[in-house]
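Participant: Okay, here's what each chain looks like letter by letter:
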Amino acid sequence: METLFNQGSNLAEAVDRAFIFIFAISFIFTIGITVLMIYILVHFSRKKNKNPKQFSHNTKLEVIWTVVPLIIVLMMFYYGWVGFAPMRQVPADAMPVTVIGRMWSWEFDYGNGKVSKELVLPFNKNVKLNLVSRDVNHSLFIPAFRVKEDVIPGYENYMWFRPIMKGTFDIYCTEYCGLAHSAMLSKVIVLDSLEFKQWLTELKVPDNLPDPPGLVIIKANACITCHSLDGSKVIGPTFKGLYGRKTLVVTESGDKEIEANDEYIKKSITDPNAEQVKGYNKGLMQSYKEKISAEDLDKIVDYFKISVETK
Amino acid sequence: MTNSSTSVPLNYLNHQTGLWSWLSSTDHKRIGLLYMYSITIFFCVAAILGLLMRIEKIAPGQTIMSAQTYNGMFTIHGIIMIFIVVIPGLAAVFGNILLPIMIGAKDVAFPKLNLFSWYVYITGAFLGLYSQFANGHSPDTGWTFYVPYSAEASSNVVIALTAAFVLGFASILTGLNFIVTIHRMRAPGMTWFRMPLFPWSLYATAWIQILATPIIGITLLMVIAERTFHIGFFDPALGGDPVLYQHLFWIYSHPAVYVMILPAMGVVTEIFPTFSQKPVFGYVPIVFSSMAIALVGYFVWGHHMFTSGMSYESRWFFSFLTFLVAIPSAIKVFNWLSTMYGGSVDLKPPLLFAISFIFLFTIGGFTGLTLGSLATNIQLHNTDFVVAHFHYIIFGGMGFAFFAAIHYWFPKIYGRMYNFKWANISWGFLFVGFNLLYFPLFVIGIQGMPRRYFDYDPKFQTGEMLSTVGAFILIAGLFMMLANLIYHSRKGAVATANPWHGVTLEWQIPSPPPHENFDEVPVITRDPYIFDNPQTN
Numbered sequence: 108m109e110t111l112f113n114q115g116s117n118l119a120e121a122v123d124r125a126f127i128f129i130f131a132i133s134f135i136f137t138i139g140i141t142v143l144m145i146y147i148l149v150h151f152s153r154k155k156n157k158n159p160k161q162f163s164h165n166t167k168l169e170v171i172w173t174v175v176p177l178i179i180v181l182m183m184f185y186y187g188w189v190g191f192a193p194m195r196q197v198p199a200d201a202m203p204v205t206v207i208g209r210m211w212s213w214e215f216d217y218g219n220g221k222v223s224k225e226l227v228l229p230f231n232k233n234v235k236l237n238l239v240s241r242d243v244n245h246s247l248f249i250p251a252f253r254v255k256e257d258v259i260p261g262y263e264n265y266m267w268f269r270p271i272m273k274g275t276f277d278i279y280c281t282e283y284c285g286l287a288h289s290a291m292l293s294k295v296i297v298l299d300s301l302e303f304k305q306w307l308t309e310l311k312v313p314d315n316l317p318d319p320p321g322l323v324i325i326k327a328n329a330c331i332t333c334h335s336l337d338g339s340k341v342i343g344p345t346f347k348g349l350y351g352r353k354t355l356v357v358t359e360s361g362d363k364e365i366e367a368n369d370e371y372i373k374k375s376i377t378d379p380n381a382e383q384v385k386g387y388n389k390g391l392m393q394s395y396k397e398k399i400s401a402e403d404l405d406k407i408v409d410y411f412k413i414s415v416e417t418k
Numbered sequence: 042m043t044n045s046s047t048s049v050p051l052n053y054l055n056h057q058t059g060l061w062s063w064l065s066s067t068d069h070k071r072i073g074l075l076y077m078y079s080i081t082i083f084f085c086v087a088a089i090l091g092l093l094m095r096i097e098k099i100a101p102g103q104t105i106m107s108a109q110t111y112n113g114m115f116t117i118h119g120i121i122m123i124f125i126v127v128i129p130g131l132a133a134v135f136g137n138i139l140l141p142i143m144i145g146a147k148d149v150a151f152p153k154l155n156l157f158s159w160y161v162y163i164t165g166a167f168l169g170l171y172s173q174f175a176n177g178h179s180p181d182t183g184w185t186f187y188v189p190y191s192a193e194a195s196s197n198v199v200i201a202l203t204a205a206f207v208l209g210f211a212s213i214l215t216g217l218n219f220i221v222t223i224h225r226m227r228a229p230g231m232t233w234f235r236m237p238l239f240p241w242s243l244y245a246t247a248w249i250q251i252l253a254t255p256i257i258g259i260t261l262l263m264v265i266a267e268r269t270f271h272i273g274f275f276d277p278a279l280g281g282d283p284v285l286y287q288h289l290f291w292i293y294s295h296p297a298v299y300v301m302i303l304p305a306m307g308v309v310t311e312i313f314p315t316f317s318q319k320p321v322f323g324y325v326p327i328v329f330s331s332m333a334i335a336l337v338g339y340f341v342w343g344h345h346m347f348t349s350g351m352s353y354e355s356r357w358f359f360s361f362l363t364f365l366v367a368i369p370s371a372i373k374v375f376n377w378l379s380t381m382y383g384g385s386v387d388l389k390p391p392l393l394f395a396i397s398f399i400f401l402f403t404i405g406g407f408t409g410l411t412l413g414s415l416a417t418n419i420q421l422h423n424t425d426f427v428v429a430h431f432h433y434i435i436f437g438g439m440g441f442a443f444f445a446a447i448h449y450w451f452p453k454i455y456g457r458m459y460n461f462k463w464a465n466i467s468w469g470f471l472f473v474g475f476n477l478l479y480f481p482l483f484v485i486g487i488q489g490m491p492r493r494y495f496d497y498d499p500k501f502q503t504g505e506m507l508s509t510v511g512a513f514i515l516i517a518g519l520f521m522m523l524a525n526l527i528y529h530s531r532k533g534a535v536a537t538a539n540p541w542h543g544v545t546l547e548w549q550i551p552s553p554p555p556h557e558n559f560d561e562v563p564v565i566t567r568d569p570y571i572f573d574n575p576q577t578n
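Protein chains in written order, with the numbering used here: chain A, 108 to 418; chain B, 42 to 578.
Just chain B, with the same shape it has in the complex:
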């Protein structure tokens, strides 16, 4: 252990100490870490809930929990994962830590608002947890809160909805902060098209956050009003329209998928050039495909509702638009492959996670096309195929990109390096476990196994059982990875400022970065991904 504070230069981690110095910090890097630690804890809780659900489904009938418990569990698993982990996820953690550095700024535009956003987030997160325990029973509506059930169910739906509403505010404030930061605080000489691609993806994301999130906020308030004052927006017994709720819900929740995946795409776009020592292929198309996804993503929500009784015309039109939104994603995949092609490719842990991202995202994307097609959607809608599809996108995509990001920026964040061997082993468990957990769900989904089923026909048991085995392997990999990272964040070998030989700005400052990032404001004179002197040793 060589951690003598006298020899370590001052940086954002050690320039102030004590819990309060963290809880009151307006430093974007510290706020990013606050988000990271809270998100990691919530992620582990929800992952364990997921494992418990998988154990319940290892055999038909009741195994370890009652139907009511199971229904409550998939609801809170969804609420935590979607609203507390995945939506803030990459943007709040790595966006906060890296966005200002990557554009050559000392902080975000509104540092105090940034800290406030974290407190709003934590308030929402704890409200979400509270909704599970208050009055002795948990909400059981699923994270989608469909009315009329959510307007009638006797459990703590109002608290859960309020939690989602509060979390939405944190999301809006972060988005606003990032947009202003990117517009106003880029270093001198950093024109829009000299900005690295992770900031670009955050920019596209931020617009979705501030434009789409208010819609879910209003919708959740409407459900609360419906439950409390019996107004009749959605409940047909009161003259309302239950499908209107589904429209409003998905107008937000579909773009929210892009809030999750766009920063993930941004992360891997940073990793491929560094580990190939080669410029990003097709910088401009990547920028425009991000913005295109953000834009077209607003107009495809109806594909969640192909069986809801929408008009024939809206069904085929939403299907058509859904296929269009696939194109920018496909372009990005080809760009990533071409970035590596001809490079000097170094398969270090961050790249291993990044290429797994491509593989899993490709499967998630293609199964998404199967769901976007009308005829096949009718068969697959609300089956386990959908569950498998969105886990491939959200966990295989956003989750693996998050793992890639932490393995990539870890030496920058902590100034130390994790153990590569253990990173690779835990990757193996995660990758094998992931596919074993979710792939069988595609198969039983095609055969007709509905989602959110506590009990099932014995003919689906093989798939369900394989899936449960996969869940154990995945969880094992997860804790292995966490142990490797947590241990080495304090005890790992000291990392250099630029261990991967990256060329973006974050690699040009010490690891960990100083409190105010740059001693001198950098002046940008050229494109972000130029490798004058590729390091291939």
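Chain A on its own, in the form it takes in the complex:
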């Protein structure tokens, strides 16, 4: 069970110390300034004070209110730095896990082809996350662990920590990455090291049969971010059982029923808004006319045919 201020990792305590220091000072000063302001408004109100004093300098005061805040902010800097510095010093024994971010899901690769949708980790063991993006910028954020680092294509960003609390914790994407940014979620699950070993052993390696050529093209163009392969409704209609499906589409001259045949599928790729499946939003999909060749279109249609036949 996740509470608000879990200190789920070894790094959290120093971060929270910086939080408390900065918030305490901020609170004291904000209250102080506000109280002083109200005091001035009341005590020196025009009703009470008809003779405004005309001073405009006080060197001693001015030096104090320059030097004291300077010292305070330098202390804030120090606390922040001390809490942050260990985040960049990865212990040599840290277990590496590769995090793959793509629009709009996370994948955690434990090596040897073992891939999970959730980040399962052993309790109290150092772990290093290597952050890889397959498309645009993302950011991996685990609030309970006080860690966050952007996942940027072409960059070898990383983070490390040691989970010191068992349980399940939220993972968010915190770099805006398009339509389903707020759905790019996952969980960290911290297990006993024995449980973890068992979990890792049982984690299935996906069968590495090569994808049919049509599916390779579909994946390369990131079609499956909006069109699922498993029947679930995402942004656009699912690809499962597509070929030969009869559906209602919206055209400029009104609704009509079509059958998803060769012609319709190709047209949906090159001119997606002309005959849009009813119930989905127009304008979200761009034309792939320039990006997918006629030859490749045939391969995609072949893939849809085969996948329907094999069901």
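Wrong hints could be hidden among the right ones.
[As the list claims (entries may be wrong)] Think about it this way: if two alpha-carbon atoms lie no more than 25 Å apart in a straight line, the pair counts; the simulated DSS-like pairs of lysine-lysine are:
#1 B:K389 to B:K532
#2 B:K153 to A:K160
#3 A:K304 to A:K273
#4 A:K154 to B:K389
#5 A:K385 to A:K353
#6 A:K157 to B:K389
#7 A:K412 to A:K340
#8 A:K155 to B:K532
#9 B:K532 to A:K157
[As the list claims (entries may be wrong)] Quick list of the computed label-pair ranges, beta carbon to beta carbon:
#10 B:T537 to A:F112: 52 to 60 Å
#11 A:D369 to B:F513: 50 to 58 Å
#12 B:E354 to A:A201: 17 to 25 Å
#13 B:L285 to A:N388: 45 to 53 Å
#14 A:V149 to B:I105: 40 to 48 Å
#15 A:G139 to B:Y528: 34 to 42 Å
#16 A:T354 to B:E354: 51 to 59 Å
#17 B:L285 to A:E402: 33 to 41 Å
#18 A:F112 to B:L336: 56 to 64 Å
#19 A:A192 to B:L64: 22 to 30 Å
Hints were generated in silico from the structure; no laboratory data involved.
Don't be surprised by glycine CBs; every beta carbon is placed ideally from N, CA and C.
Starting from the structure of chain A, add chain B where the hints point.
Facilitator: Just chain B now, kept in the frame of chain A:
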């Protein structure tokens, strides 16, 4: 209604009439008003968009709009508010109306260029709006246009970028105009240190405008080139560097924050002495802190990128510099309080807005320190805490200063006075609504609620709901204030030349000012804030 044009002396508002006399005017006061009216309209549009987003987030899941619409909406809300409202905001409106008067000049140095800047601004603004509707879908990149997403997203990003580019030119031209005006056109005897502090803040601002804005211009062109010709500045698929874009973007956009806030500081610095009938405390430190903010503000952009994968050394160094830039702001707060201390403080609406500015700016400033500190930044970066922080600075700071400014100079601009009671009531709604809208976002931000999230975990709902209630109160206050001001700009009681007993030059000429401001060029013989004869009735 006593508005018979025969009895009213000629002034800048009535010496020529008709729409064309406004659209072709090179009078700095009229151009300032053109900016004010256009900015007000855009502000209301973007504020309504903000309210719609808040309604969407009153509960998890889809409430009134789709994710795509929400993403487009926060993008255009940001583009309008930042590029069309806040960056030009105080400088283009009150800078234009008051800068020449406050330094004893008849106009800015380049009046025609000034009018041209407004047309450039309007062109950019309409391009920005057009980008929302062209081809039936709106850009959804956020106002930061981060690549690679902005280089790949299928919507009207190029038009939106062009809009920001064009708006940048208006900003540069205004800045240039103000710098030359301040250097060349101060009244005889007005030495640099006899210049009032609002002009000083505009001077610091103008330097940022002309030095920093070209960088964003070039950056936006690079993104356009990237999208159009696939050059590969930023896209790793083409061998580019996505973090380079973030550097270039923030090298401008961080100093731009000071373009927003410096004139706001200048405004309240004018208001405190007048309503205390007491000189500004620490004139010279205020001048130097403005210039220090303008200078150091250039070197802190990296604090927007602490999680981007920058080197360890740049992270701590940018954090260090960020803390240094806090000092001049702190000095100003203490100076403002000391200006009021010992004075004869009259809590009229302008002062009410000005002290709210201090309160909100203080909260914005301290939460900024929490973000500037490395360890805490890692937790807070790109959460709703950041959203709350910059709204406290930009809206609580610049926005409330704008409200303070309009309530302060309203009688000068229109020669009429608004209703104090309604001004105070609308202040109450604005202040309560503002805090209820943004404070809960600090709390859920610390708990980890990311920004730019269409949907959210139900555990954040209390905060989100309170925030939405606050948004309704804020909008109500906003329209109350606008109604009070708009109605009384024509029907209010006739105001005297100097209703607040101010001592700067704008209060020494009639309200509204004559077309050429001064019948005789004033000669300045002493410091700007001397109250020989404090008026305390």
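Participant: Does each hint fit the structure? Answer for all of them.
Facilitator: Cross-check of the supplied hints:
In summary, the hint linking K389 (chain B) to K532 (chain B) is supported, as the alpha carbons are separated by about 20 Å, within the 25 Å threshold. Between K153 (chain B) and K160 (chain A) the CA atoms are separated by roughly 45 Å; this puts the pair beyond 25 Å, and the hint is violated. Only pairs whose Cα atoms come within 25 Å are accepted, and K304 (chain A) paired with K273 (chain A) is accepted, the gap being roughly 15 Å. With a C-alpha separation of about 13 Å, the suggested pair K154 (chain A) and K389 (chain B) falls inside the 25 Å cut-off, and the hint holds.
Note on K385 (chain A) and K353 (chain A): the hinted pairing holds, with a Cα-Cα distance of about 12 Å set against a maximum of 25 Å. Using a Cα cut-off of 25 Å, the hinted pair K157 (chain A) and K389 (chain B) holds, with the two alpha carbons roughly 16 Å apart. Restraint check: the Cα-Cα separation between K412 (chain A) and K340 (chain A) comes to about 20 Å, which is no more than 25 Å; the hinted pair holds. This hinted pair does not check out: K155 (chain A) and K532 (chain B) have alpha carbons roughly 33 Å apart, beyond 25 Å.
Using a Cα cut-off of 25 Å, the hinted pair K532 (chain B) and K157 (chain A) is violated, with the two alpha carbons roughly 33 Å apart. Separation of T537 (chain B) from F112 (chain A) is about 57 Å and conforms to the stated range, judged on CB atoms against 52 to 60 Å. For D369 (chain A) paired with F513 (chain B), a C-beta distance near 53 Å keeps the hint of 50 to 58 Å intact. Between E354 (chain B) and A201 (chain A) the beta carbon distance is about 22 Å. The supplied range of 17 to 25 Å therefore holds.
Evaluation of the 45 to 53 Å hint for L285 (chain B) and N388 (chain A) yields a failure: the beta carbon distance comes to about 34 Å. Between V149 (chain A) and I105 (chain B) the beta carbons are some 45 Å apart, a value that agrees with the proposed interval 40 to 48 Å. For the hinted restraint 34 to 42 Å between G139 (chain A) and Y528 (chain B), the CB-CB distance of approximately 40 Å keeps it satisfied. Range check, T354 (chain A) to E354 (chain B): about 57 Å between beta-carbon atoms, so the 51 to 59 Å window is met.
Taken as a hint, the range 33 to 41 Å holds for the pair L285 (chain B) and E402 (chain A), whose Cβ atoms sit roughly 37 Å apart. Here the CB-CB span from F112 (chain A) to L336 (chain B) is close to 39 Å, at odds with the stated 56 to 64 Å. Under the hint 22 to 30 Å, the C-beta atoms of A192 (chain A) and L64 (chain B), about 59 Å apart, miss the expected range.
The structure fails hints 2, 8, 9, 13, 18, 19 (numbered hints given earlier, in ascending order).
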